[in-house]
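Novice: Now for the letters of each chain:
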Amino acid sequence: MIVGEQKPFEKVYESVKEYKKVLILGCGTCVTVCMAGGEKEVGILASTIRLANKQNGIRMEIQEATVARQCDREFFDEVKDKINWADAVLSMACGVGVQFCSEVFEGKRVLPALNTRFYGTTEQQGIWSERCAGCGDCVLDKFGGICPIARCSKSLLNGPCGGSQDGKCEVDPDNIDCAWQLIYDRMKLLGCLENLEENQVIKDWSAGRDGGPGKIVREDMVL
Amino acid sequence: MAKKKSELIVLCCENSAYLAAESLTDTKIMQSVKVVMLPCSGRVEVGLILKFLENGAAGVLVLGCPLDNCKFVRGNYRAQKRVDVAMKALNDAGVNKDKVKIDFISSLDTHKFIALVKEMKSTLF
Amino acid sequence: MSELKAGSRLERIFEKGEFAITAELGPPKSADVEVIKTKAGYLNGNVDAVNITDNQTAIVRMSSIAAGYLAMQEGLEPIIQITCRDRNRISIQSDVLGAYALGIKNILCLTGDHQKFGNHPNSKNVFDMDSIQLIYMLKQMRDEKIFACGDEIKNSKKAPVVEPKIYIGGAANPFGDPFEFRVIRLAKKVKAGADFIQTQCIYDMDRFEEWMKQVRDRGIHEKVKIMAGVTPLKSVGMAKYMRDSVAGLSVPDYYIDRLSKAEDKAAEGIKICVEQIQKLREMEGIAGVHLMAIEWEKRVPEIVEQAGLLPRPEVNN
Chain A
1 MIVGEQKPFE
11 KVYESVKEYK
21 KVLILGCGTC
31 VTVCMAGGEK
41 EVGILASTIR
51 LANKQNGIRM
61 EIQEATVARQ
71 CDREFFDEVK
81 DKINWADAVL
91 SMACGVGVQF
101 CSEVFEGKRV
111 LPALNTRFYG
121 TTEQQGIWSE
131 RCAGCGDCVL
141 DKFGGICPIA
151 RCSKSLLNGP
161 CGGSQDGKCE
171 VDPDNIDCAW
181 QLIYDRMKLL
191 GCLENLEENQ
201 VIKDWSAGRD
211 GGPGKIVRED
221 MVL
Chain B
224 MAKKKSELIV
234 LCCENSAYLA
244 AESLTDTKIM
254 QSVKVVMLPC
264 SGRVEVGLIL
274 KFLENGAAGV
284 LVLGCPLDNC
294 KFVRGNYRAQ
304 KRVDVAMKAL
314 NDAGVNKDKV
324 KIDFISSLDT
334 HKFIALVKEM
344 KSTLF
Chain C
349 MSELKAGSRL
359 ERIFEKGEFA
369 ITAELGPPKS
379 ADVEVIKTKA
389 GYLNGNVDAV
399 NITDNQTAIV
409 RMSSIAAGYL
419 AMQEGLEPII
429 QITCRDRNRI
439 SIQSDVLGAY
449 ALGIKNILCL
459 TGDHQKFGNH
469 PNSKNVFDMD
479 SIQLIYMLKQ
489 MRDEKIFACG
499 DEIKNSKKAP
509 VVEPKIYIGG
519 AANPFGDPFE
529 FRVIRLAKKV
539 KAGADFIQTQ
549 CIYDMDRFEE
559 WMKQVRDRGI
569 HEKVKIMAGV
579 TPLKSVGMAK
589 YMRDSVAGLS
599 VPDYYIDRLS
609 KAEDKAAEGI
619 KICVEQIQKL
629 REMEGIAGVH
639 LMAIEWEKRV
649 PEIVEQAGLL
659 PRPEVNN
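Protein chains in written order, with our numbering: chain A, 1 to 223; chain B, 224 to 348; chain C, 349 to 665.
Calculated directly from the structure, the hints in this document are not laboratory data. Glycine included, every Cβ here is placed at the ideal spot set by N, Cα and C. There may be inaccurate statements among the hints.
[Unchecked claim] Distance condition first, Cα-Cα at most 30 Å in a straight line; then the derived BS3-like pairs of lysine-lysine: (1) C:Lys472 <-> A:Lys7; (2) A:Lys7 <-> B:Lys320; (3) A:Lys54 <-> B:Lys344; (4) A:Lys7 <-> C:Lys561; (5) C:Lys464 <-> A:Lys168; (6) B:Lys274 <-> A:Lys168; (7) C:Lys539 <-> A:Lys142; (8) C:Lys472 <-> A:Lys203; (9) B:Lys274 <-> A:Lys17; (10) C:Lys561 <-> A:Lys203; (11) A:Lys11 <-> B:Lys311; (12) B:Lys320 <-> A:Lys20; (13) C:Lys513 <-> A:Lys142; (14) A:Lys203 <-> C:Lys487; (15) A:Lys168 <-> C:Lys502; (16) C:Lys472 <-> A:Lys11; (17) A:Lys20 <-> B:Lys341; (18) A:Lys54 <-> B:Lys294; (19) C:Lys472 <-> A:Lys188; (20) B:Lys274 <-> A:Lys82; (21) B:Lys228 <-> A:Lys7; (22) A:Lys142 <-> C:Lys609; (23) A:Lys40 <-> B:Lys320; (24) B:Lys335 <-> A:Lys40; (25) A:Lys80 <-> B:Lys344; (26) C:Lys464 <-> A:Lys203; (27) A:Lys168 <-> C:Lys609; (28) B:Lys324 <-> B:Lys311; (29) A:Lys54 <-> B:Lys335; (30) B:Lys344 <-> A:Lys20; (31) B:Lys335 <-> A:Lys17; (32) A:Lys21 <-> B:Lys274.
[As the list claims (entries may be wrong)] Covered by chain A, per the in silico footprint, the following chain C stretches (three or more residues, Cβ under 8 Å): (33) 371-377; (34) 480-487; (35) 529-538.
[Unchecked claim] Chain A is nowhere near these chain B residues, computed Cβ spacing over 10 Å in every case: (36) Glu245; (37) Met253; (38) Lys257; (39) Val259; (40) Glu268.
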């Protein structure tokens, strides 16, 4: 899923305090799972802003709502009245949701409450980590299901580099496993270690962001 | 509606603090204090604490079982972390962090219950 | 002598069967040319070629090619370095053409330290390729005379092909993790086209000999010229620092003991270094030594002399 975390409160508050009618809009999918922008988090942020407003003598009406997803048009229908009422929407969705809300409601001020961080997984409740870089040309078959583009700090295809020690990446040994140690161990487990002796050729990065913003059209699906 | 005098909310774990509170004989100390029972202090939510304060509570005192004595093993540790988050939110909002506190008492320690409530009341009122 | 690939002094030394010695020169963290002149002064005539680092540890320094060219003017043969951190395939190939045009013949291909270690940790990194792909790209330029995209290296359809004839180097870390994979990675670099390899600095000779045995078992030492890295220890503090803070590096206790007991620690450190070089000369499969006297370049002449490697052989024929 897309994993994000909340911006520091001061930044969010600074961006929203000039508005008189604010809708705090949560998202029920990815950011709920990573506990950053779901219904619960909307409640906490709303309370914090109200307490801050009281402290600062700021008059602001706040409404709260959460929709299933902010990246699909249909889910905005149920909150369109609230959105129209607001003079600013503080969206707790990922960057996609914030932008899409802004697109669907042309002219409406939509502000981000989150920093979108990465495509990742829930390792366990409360801990999320990156898995995919969206490179557009998946090579997971070559590395036993572990992505060196996303999980190696240098995106090496013929790793490891000299900074791998005790299975950790020297860039942040407390938090980052050396992807190449993981790949080595996995390929050993799968019995295909000799595949790592093959020199991987230089990557075509144009399928990902380096080729420009992406777009996919399914003619058979377009109405 | 008449404006209610703001109260100190005491969120009590039913396995410890609530039992300690039940043995109270002196009711004067419980003026402007409201006790709310929780199945475990670990059930406390950041949003709940903030909502109490938003709605006019003077402060929130969370009381759980002594550390390493939680009926549900780590509930009180979890409560501690969540109180920390609530305190940070208060700090962000420019509100005095001392409005929220957490402590740990056993079911027999009515004296400690009284002392903690008295101390918190003197801080808030 | 068989057909030379680049004709650099380093290549000629290897081809002649002589034991090679290279050193390192870090370019200045400013536009101060005097730094290069001073360091070159110590190294000139005492070593066969000199590595010119490329923004080592991700700290901004004068570019390797510029500093390499200036070093050349002082009489040194440069081995310029290219890392994968800061440049994509377009700028690297461009730099290689430029370096060769300036007369630079040796290029060491490295992955590069992550920018978080340097003075610009907020920069974007590139890593368009890794060191193995970089080695291969340079080999393609030299031997197949094509760019990475497949185009021939010529200015126009009718123009002649003028490819860069570069002597290609890579680095090896015998002690990194996973230990069992290190020799395989070295083999990959050789397969990609490395002509010579420099290792990280070694203190634990026994462990290094274990690694070299694996290298020899695979016949790698016959396909590539291996230079063992050495760094003279200046003090007990430095020895302990290297043991405790540098990934994969082990400094045997007997060196630390010797340094502690010595009156003149620096002199003892030099002595240890000379002994190491002499041991490495005896090791089968070692074609030379890469002497990294970091910020201690002025001791290089005496180390090389005491190791019995002076004067350097004549190889221009």
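Novice: Take the hints in turn and mark each one as holding or not.
Specialist: Now for the hints, and whether the structure bears them out:
1. C:Lys472 <-> A:Lys7: holds (21 Å)
2. A:Lys7 <-> B:Lys320: holds (21 Å)
3. A:Lys54 <-> B:Lys344: holds (22 Å)
4. A:Lys7 <-> C:Lys561: violated (54 Å)
5. C:Lys464 <-> A:Lys168: holds (16 Å)
6. B:Lys274 <-> A:Lys168: violated (43 Å)
7. C:Lys539 <-> A:Lys142: holds (19 Å)
8. C:Lys472 <-> A:Lys203: holds (18 Å)
9. B:Lys274 <-> A:Lys17: holds (20 Å)
10. C:Lys561 <-> A:Lys203: violated (34 Å)
11. A:Lys11 <-> B:Lys311: Roughly 15 Å between the alpha carbons, so the hint for Lys11 (chain A) and Lys311 (chain B) holds.
12. B:Lys320 <-> A:Lys20: Holds, at roughly 27 Å.
13. C:Lys513 <-> A:Lys142: Violated, because 34 Å separates the two Cα atoms, which is more than 30 Å.
14. A:Lys203 <-> C:Lys487: holds (17 Å)
15. A:Lys168 <-> C:Lys502: Since the Cα atoms of Lys168 (chain A) and Lys502 (chain C) sit roughly 45 Å apart, the hinted pair is violated (cutoff 30 Å).
16. C:Lys472 <-> A:Lys11: holds (24 Å)
17. A:Lys20 <-> B:Lys341: violated (40 Å)
18. A:Lys54 <-> B:Lys294: Given pair Lys54 (chain A), Lys294 (chain B) is violated - Cα atoms ~39 Å apart, limit 30 Å.
19. C:Lys472 <-> A:Lys188: violated (33 Å)
20. B:Lys274 <-> A:Lys82: Given pair Lys274 (chain B), Lys82 (chain A) holds - Cα atoms ~22 Å apart, limit 30 Å.
21. B:Lys228 <-> A:Lys7: With Cα atoms ~35 Å apart, Lys228 (chain B) and Lys7 (chain A) exceed 30 Å; violated.
22. A:Lys142 <-> C:Lys609: violated (53 Å)
23. A:Lys40 <-> B:Lys320: holds (21 Å)
24. B:Lys335 <-> A:Lys40: Since the Cα atoms of Lys335 (chain B) and Lys40 (chain A) sit roughly 33 Å apart, the hinted pair is violated (cutoff 30 Å).
25. A:Lys80 <-> B:Lys344: Violated, at roughly 45 Å.
26. C:Lys464 <-> A:Lys203: holds (24 Å)
27. A:Lys168 <-> C:Lys609: Distance ~36 Å between Lys168 (chain A) and Lys609 (chain C) Cα, so the pair is violated.
28. B:Lys324 <-> B:Lys311: holds (12 Å)
29. A:Lys54 <-> B:Lys335: violated (34 Å)
30. B:Lys344 <-> A:Lys20: violated (35 Å)
31. B:Lys335 <-> A:Lys17: violated (43 Å)
32. A:Lys21 <-> B:Lys274: Between Lys21 (chain A) and Lys274 (chain B) the Cα gap is close to 20 Å, so the pair holds against 30 Å.
33. 371-377: violated (count 0)
34. 480-487: holds (count 4)
35. 529-538: holds (count 5)
36. Glu245: Given that every Cβ of chain A is farther than 10 Å from that of Glu245 (chain B), nearest at about 31 Å, it holds.
37. Met253: holds (26 Å)
38. Lys257: holds (19 Å)
39. Val259: holds (17 Å)
40. Glu268: violated (8 Å)
Hints 4, 6, 10, 13, 15, 17, 18, 19, 21, 22, 24, 25, 27, 29, 30, 31, 33, 40, counting from the list given before, are not met by this structure.
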